[in-house]
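Protein chains: 2
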Amino acid sequence: MGAIQRSFISSLDSGTKHEVLIRGWVFRLRVLAKTTFIIIKDCTGLVQCVGATHDLHDVHLHLDDAIEVNGSVRQESRAPGGIELDIKAIVTLNRCSHKLPFHSSSDIAEVGSDILLEYRPLTLRNDHIGNVFKTQAAILRYYREFLTANHFTEIVSSKIVSGGTEGGTNLFALKYFERVAYLAQSPQFYKEHGVAGFERVYETGHVYRAEPHATSRHLTEYYSLDLEMGFIDGPEDIIQLERELLTYIFDQMNRHCSHLLARHRKVPLPSMMNVPVWTFDECLERLRERAGRATLVDDLDPDAERRLCRMAYEEEGVPAVFVLGFPLSARPFYTHPRTETTAAGFDLLFAGLEITTGGQRLHHREDLERALLSRGISPNSFESHLRMFELGMPPHGGLAIGLERLTAQILGLANIREATLYPRDRYRLTP
Amino acid sequence: MGAIQRSFISSLDSGTKHEVLIRGWVFRLRVLAKTTFIIIKDCTGLVQCVGATHDLHDVHLHLDDAIEVNGSVRQESRAPGGIELDIKAIVTLNRCSHKLPFHSSSDIAEVGSDILLEYRPLTLRNDHIGNVFKTQAAILRYYREFLTANHFTEIVSSKIVSGGTEGGTNLFALKYFERVAYLAQSPQFYKEHGVAGFERVYETGHVYRAEPHATSRHLTEYYSLDLEMGFIDGPEDIIQLERELLTYIFDQMNRHCSHLLARHRKVPLPSMMNVPVWTFDECLERLRERAGRATLVDDLDPDAERRLCRMAYEEEGVPAVFVLGFPLSARPFYTHPRTETTAAGFDLLFAGLEITTGGQRLHHREDLERALLSRGISPNSFESHLRMFELGMPPHGGLAIGLERLTAQILGLANIREATLYPRDRYRLTP
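Keeping their order, the protein sequence lines are chains A and B.
When the letters of the first sequence are read in order and numbered with my numbering, they come out as residues 1 to 431.
When the letters of the second sequence are read in order and numbered with my numbering, they come out as residues 1001 to 1431.
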């Protein structure tokens, strides 16, 4: 059979007159007395193949076997795609075990998360979960597309570092030859340096937090969509960029990925151009007055995030809100102030969950030194970083979006582990 | 000045009649008795600004200061881009130190590598090095573009793992709460699992090797362009895909990035469609007969790689060769055999350096067990991986391209550190 080149299923049409060779997995199988129907799945789609049961007896087909089929295309108006394949010959390339808890065509909505992880490849072949990760790949694609078109340069920064950027806690330590090194919590310093070089930079990569709490919204390793931009007037510039960025991503996904989204959400993704900006104080007041929540002080909690998104949806028609002006003391030392006590930093809450932290950063060396000293940290320990602020560092800021969180909120998943191929937390290091 | 929105330099043209506000760095500065000429650089380009020296006296401009300029566009046929800006006002946003070893417009070809790393942001603002990393960003872009168009799905796999994929050496150990974990040497297993799910997958991400030798071609952390594909006939399918992939990347770069390449190479990037495939034995014979190299046994060395690329250039007009069929014993356990003693694996040598390792992998569980046992490894320790081969794993293979190496060979850089923003080796953990 090797003489014919393999065709992708999506390339077949009723105009294909010659014999074809396709390869893929047995997605569905219906064996009647006289006729056998096999739906084959490859990376481009599905096609129904039809053969005489008698002729196929020796092949012993099972669901999810990897096979190749030699056959001819026939027009069939009732079939999806308008064609079927008449089988000439089938070869099994590799058999699937008969003892699996589910198959690629099974309804796996109710299968437990441990089983799903244990059989990760098979879950990907199943659209219910495969679509989650194809959605994630689409987010990455459109994220990069938008930024490239808007003069951002992609950078690749090191994840093995000599110290933390966000303070000393939650760092994973590493034996680095004769020394100790750490896994980067964030590319924060590197992307600020990138601004001093290229003005606008972005990075997509892993970040690491030795997070002792294995909640539904925390992982020890997650994928961060980072960007940083120079010559801004204030945090509003970054907020506006994120509005445009997410609107672009969502719009492209509505256009090109509606089949992926459809399994998990009923309505198209919204425009994010009208996401409101509420100050942190305004949020506290809303939560106090309209939800009786009076105990929040310097941060929001999951309940508050859900309520604020609901209010935004009711008022603006979009389940998202930028919260601007958190207490300065609760943000990292490099945060630019908005007022004496509040930060020019923001979070974006989307569909009930914080998916972005961003803000303007300090850009004068003296201000950074003062901020460090006020937190009892010696500027000496940040000398090599501080020196980068003597190279003509412009006013700048940026943001980081958690890819798993964004994926989960787009698809309405309850736990970010469902949007992580191989989740890592305190208790999970495999598969 | 805040009332006018900032314009990117590339958006200015002689039709811009109204007052504009631009922001960027002082790239060149020429102060004459009556007139001052400032070339400003932002993330989109350069423009010359002209003002009366007397009016600008109080601004105290220096090279690489971050400034904003208010002015009006004037047609000037002698200027690049056909326009100049008449300065109305200048504000300094942040000053650059006066004590720097070079500037963004300096000739830095001869500056030492330690100084360049220490001032990394300023080197990026300098085209000599900035173009290297813009070239790298372009490689990433076109790599992903080609694969997305060819039915590959991007995956994000974990870099914190419980064991190695390539054998136990060269692993970085990590304190993971109460356990020991390791940094992934390769996404090999995960991308094979990805094939069982999506048929065609790719990943761009860091890999880690506790490489004790700090040579010009080794780093402890590098960026790997990985792909893996199912339903192949043999390693030739992967070789052909890489020919097409690199030809696409090079072609796009010739079209859109010739200004980036021009500083480092005189001729456009070649088509890779005719890169020959030579067996390992044939390579040894060529090296013996034509270069007097008779001591090579189971691998090539840097001298051999350079000589083979030269031979390929003389014979085929392209300085690259796929070397197929290394001794099986020198490749990892999951390698598919080509003959009893040789591997269905290949390296791609390009411009004198190995930039890719690839090949077909075993896809039957029994074969993997046998391969492990023949190396004295118990299959039990790979049980969770081996089980993935019971899910209908198709015949498959893939490759990994070192991004830093590819960048270096495209631009003719002598050391891959020059193509690494923040290189890591045994002796270097900062910046």
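Calculated from the structure, these hints are not laboratory results.
Treat the hints with care, as some may be off.
Straight-line C-alpha distance at most 30 Å; calculated DSS-like pairs for lysine-lysine [said to hold, decoys possible]: (1) K1134(B) <-> K134(A); (2) K175(A) <-> K1175(B); (3) K134(A) <-> K34(A).
Open item on the list: Run the distance test for K1134(B) versus K134(A): straight-line Cα separation, threshold 30 Å.
Closed with: Since the Cα atoms of K1134(B) and K134(A) sit roughly 28 Å apart, the hinted pair holds (cutoff 30 Å).
Open item on the list: So if I understand the rule, the pair passes when the alpha-carbon distance is 30 Å or less; does K134(A) with K34(A) pass?
Closed with: 38 Å, violated
Task: 30 Å Cα cutoff - pair K175(A), K1175(B) - done: 8 Å, holds
In the structure shown, a violation is registered for the earlier hint numbered 3 alone.
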